[in-house]
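Student: Listed here are the chains, written in short residue letters.
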Amino acid sequence: MEKKVFSRTKGLTEVFMRYCPGCGHGVIHRLVAEAIEELGVRKRTIGIAPVGCSVFADEYFNCDMIQPAHGRGPAVATGMKRVKPDCIVFSYQGDGDLASIGMAETVHAAARGERITIIFVNNAIYGMTGGQMAPTTLVGMKSTTSPFGRDPRVAGYPIKVCELLSTLEAPSYLARVSVHKPANVIKAKKAIKKAFQVQIDDLGFSLVEILSQCPTDWFVTPLQAVEYVEKAMVPFYPLGEFKTPEGKKEPAKAETKMAVEKG
Amino acid sequence: MGEKLLMKGNEALAEGAVRAGCRFFSGYPITPQNEVPEYLSWRLPEVGGTFIQAESEVAAINMLYGASACGARVMTSSSGPGISLKQEGISYISGANLPIFYANVMRGGPGLGNIAPAQGDYYQSTRGGGHGDYRVIVLAPNSVSEMGNFPKRCYDLAEKYRMASMVLADGLLGQMMEPIEFDFEPVDPAKLPPKEWALGNAEGRERRIIRSYDLKPGYLEKMTLKLLEKYNKIEEQEVKYEAVQTEDAEILLVAYGTSSRISKEALMLGRKEGIKVGLLRPITLWPFPTKILGELSGRIKKILTVEMSLGQLIDDVKLAVEGKSRVYLHGRPSGGIPTGEEVLEIIKNICSE
Ligand SMILES: Cc1ncc(C[n+]2csc(CCOP(=O)(O)OP(=O)(O)O)c2C)c(N)n1
Ligand code: SF4
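Protein chains in written order, with the working numbering: chain V, 10 to 272; chain E, 135 to 487.
These aren't lab readings, by the way, just hints derived from the structure by calculation. Honestly, I wouldn't trust all of these hints.
Said to hold, decoys possible - Computed cross-link-like contacts, DMTMM-like style, restricted to lysine to aspartate or glutamate with a CA-CA straight-line distance of at most 25 Å:
#, chain 1, residue 1, chain 2, residue 2
1, E, Lys-436, E, Asp-382
2, E, Lys-360, V, Glu-68
3, V, Lys-266, E, Glu-180
4, V, Lys-262, E, Glu-189
5, V, Lys-266, E, Glu-172
6, V, Lys-169, E, Asp-382
7, E, Lys-329, V, Glu-68
8, E, Lys-435, E, Glu-475
9, V, Lys-52, E, Glu-337
10, E, Lys-325, V, Asp-95
11, E, Lys-350, V, Glu-23
12, V, Lys-266, E, Glu-189
13, V, Lys-240, V, Glu-172
14, V, Lys-19, E, Glu-330
15, E, Lys-356, V, Glu-68
16, V, Lys-252, E, Glu-189
17, E, Lys-350, V, Glu-68
18, V, Lys-19, E, Glu-340
19, V, Lys-203, E, Glu-337
20, V, Lys-52, E, Glu-330
Make the full structure from the sequences, and use the hints.
Tutor: Dropping the structure here:
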């Protein structure tokens with residue numbers, strides 16, 4: 010007797026994915042899609058595809074989707090969630106999209122505590138445009154615009170998004186995970202599900218940063234890419250939860266005050 | 135409807151938008167339009183709407199992209215420098231066929247310029263402004279009354295054609311006070327017909343996608359040619375203008391917004407002296423009243439455009455008259471405001487040529 014042990018989640022469409030072999034995007038798509046489906050919110054979910062290799066996410070996720078300009082996902086998500094508070098809104102973004110051109114939108118959506126979920130794929134490179142340096146490219150790492158390796162004297166240091174955002178008051182859930190080993194994939198799924206649960210429970214802003222492989226633009230094999238995540242990325246980008254919603258209270262309406270109270 | 139109010143132009147614009155069903159605004163402060171967000175920051179919550187002071191104009195326009203995609207009547211406003219930043223989003227919104235309403239209360243430019251009234255953003259408004267082949271419907275009020283009543287027209291057009299529609303005003307119209315009577319019943323957005331393309335709550339229907347890109351060969355060309363179809367229809371059906379004493383005119387002034395009021399004054403001064411001056415005021419800058427100008431230029435051989443810019447409107451006038459009339463310019467850029475007397479002098483010079 011045959012027993013079915015695995016099937017494609019309804020959270021994904023039947024469209025054939027065009028990601029490179031060994032790319033992290035495909036795995037991450039599946040995790041996000043499974044989370045949405047398992048939480049039973051797919052029909053009221055709106056996803057935002059970025060500009061980057063995952064621009065085609067609007068064809069892959071089986072829910073309402075929108076595709077805005079490079080880096081503007083969090084602003085678009087803000088507009089949607091404010092108009093449709095009962096919908097689950099998520100923005101899927103790469104590191105160029107989120108941490109470079111869209112950094113202002115990211116930080117301010119987080120600071121306002123928008124009740125949205127961001128899936129942030131950190132592959133330390135600009136995938137779609139052919140492997141240029143990203144704000145997350147590691148020191149010494151080669152890219153097509155840092156051919157001798159990222160030099161901190163010229164290009165500074167990579168940005169740690171979770172650490173940066175955890176200095177803010179409003180965010181409820183911030184976590185960093187990876188998908189380079191099966192055990193990590195399972196943890197990543199948990200974090201993604203938790204982030205969506207935070208939104209379902211109306212607890213505020215959630216973001217999961219996922220360290221991901223880009224063998225093509227790192228100019229390595231898929232196996233070497235996995236090893237690079239383990240040996241180079243994880244030590245610099247520590248995995249774990251940076252903020253959790255436990256014990257977080259709904260902010261009370263502030264008292265109206267003058268800038269300077271008269272004494 | 136009915137009651138007469140005394141309002142500042144910017145406030146009339148904001149109140150007019152709310153009455154027209156606007157329930158979402160995001161914007162970033164910039165003079166001379168600050169009264170718009172200030173007014174909406176308390177007025178929108180009053181009607182259950184959302185006001186957001188965005189971190190930048192870039193964010194503001196993209197919040198509109200999201201809110202409009204979910205079916206809301208949305209608005210943003212700014213002045214030239216901020217509209218420059220919004221052009222990216224407006225291009226995406228145009229490509230994605232989303233209705234939005236926005237206003238530019240022009241100030242002097244280029245660059246940071248100054249905060250004086252000006253009309254230097256005519257090209258920016260009527261030529262698309264952002265990247266790619268697209269158009270925006272542009273309405274140019276010339277009174278506080280029109281500032282308050284045009285948002286409704288903009289929403290109706292934006293939703294009819296699923297595209298961006300704007301009010302192009304200037305600092306003078308934004309700042310001055312005049313009586314206003316709203317010429318429409320307040321719109322309850324909950325009672326508007328459902329938008330069959332809007333996102334959210336997909337229960338019982340196929341999923342929807344909103345986007346401005348398509349990488350399949352030849353497909354984007356088809357999508358953009360669809361835009362042209364609707365633009366052609368708009369050029370045929372939606373042109374609005376005001377013609378003043380054009381029947382017997384021997385010289386025709388063409389001006390919009392504040393310049394059209396100044397031109398009207400020059401017209402009256404001229405008529406008193408027996409000079410047969412007429413005025414054509416485009417109310418829609420795009421679609422431009424090309425046809426009527428073409429007709430008038432068959433008969434009136436001298437046309438003077440009056441603009442608070444180096445001369446931008448004049449390009450559309452020249453295209454419309456196709457060389458049948460001589461077209462002159464009186465342009466005062468970057469905060470210069472012409473007077474009626476000044477314009478009359480120029481009219482006299484032209485007539486004595
Ligand atoms: C305004 C603008 N600037 C630049 C680009 C070109 N561009 C497309 S994708 C991209 C970077 C994508 O990198 P990332 O966000 O890291 O995603 P990845 O492809 O690695 O998944 C750039 C710069 C663009 N589309 N729009
Ligand atoms: S270029 Fe990199 S990020 Fe893009 S699909 Fe290929 S492996 Fe994935």
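Student: Check each numbered hint against the structure and report the violated ones by number, ascending.
Tutor: Hint 6 contradicted; others consistent.
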